[in-house]
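So the sequence lines, in the order shown, correspond to chains U and C. The first sequence begins at 1 in my numbering and counts up one residue at a time. The second sequence begins at 1 in my numbering and counts up one residue at a time.
To be clear, the hints were calculated from the coordinates, so they are not data collected in a lab. Any given hint could be a false lead.
Said to hold, decoys possible - In silico PhoX-like links for lysine-lysine, alpha-carbon gap of 25 Å or less:
1) Lys31/C <-> Lys38/U
2) Lys56/U <-> Lys38/U
3) Lys31/C <-> Lys56/U
To be verified - According to the in silico footprint, chain U covers these stretches of chain C (three or more CB under 8 Å from chain U):
4) 31-39
5) 42-48
6) 51-63
7) 82-89
Nothing here was measured: the structure is a model prediction, and the numbers come from that model. Positions of the beta carbon are idealized from the N, C-alpha and C atoms, including for glycine.
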Amino acid sequence: MAYHSRMEADVFRALGDPTRRAVYERLAAGEMSVSTLKAGFDISQPAVSQHLAALKAAGLVGERREGRNVYYRIRPEGLAPLLGWIERTRAAWPERIERLKDVLKRMDQ
Amino acid sequence: MSEAATKSETDARPANDTVVVECDLDAPPAKVWRALAEPEIRTEWLGESETGPSEVRRAEPPDRLDIAWPTPDGESLISFEINPSQDGGSHLTITHHAPTTALIVRLEPRTSVQTNMGQWRMAA
Chain U
1 MAYHSRMEAD VFRALGDPTR RAVYERLAAG EMSVSTLKAG FDISQPAVSQ
51 HLAALKAAGL VGERREGRNV YYRIRPEGLA PLLGWIERTR AAWPERIERL
101 KDVLKRMDQ
Chain C
1 MSEAATKSET DARPANDTVV VECDLDAPPA KVWRALAEPE IRTEWLGESE
51 TGPSEVRRAE PPDRLDIAWP TPDGESLISF EINPSQDGGS HLTITHHAPT
101 TALIVRLEPR TSVQTNMGQW RMAA
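Let the sequences and hints guide you as you build the complete structure.
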């Protein structure tokens, strides 16, 4: 993977954990506090906070402070590294298919 | 069937973190299956990952084959589905999942994320 980027690795890693991914998906419903977010999960609040920290580090989640409260939300632009993977993967296939066609021509029936 | 009749159009479209490529091949399904399933033939056209050897995850002859493709971010799954076409050739559907896909993001079309998903489609 010649164009593999650090950001991309972070996004894949951050979303690679099923619970963290579930936290991320839950946040897709809208901005919420840790305690609201925790209500949907069978894990402790510190654990939720830890997942949020990892998602924040990967640029997938943003936070907003309001007095003593902190609210979390998804950063849609954080998924952009995935777009890079999609673009490169799309670009790679036509050439592979041309090679497959060549191989098929050379193969015995 | 003449070689000139071979269709060369390919179509790629992203769906979440998946790339789907479809193509028509001027070869019967059984032959396409061999080109996919026999490791030395497959390597000839698909190549190998720089990260390590790829591995067959599921082989259901004559039409379904899944390959785990190693990447620095974990396994990327490539699924092949072969269907016979009316002209005696084959229609091949390739679904290439991003390394995260075993645990894929299923983002419902809602809130701000919808905008992003829209951008992906436009980028296709």
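Run the structure past the numbered hints and jot down the numbers of the failing ones, going up. 1, 3, 6, 7
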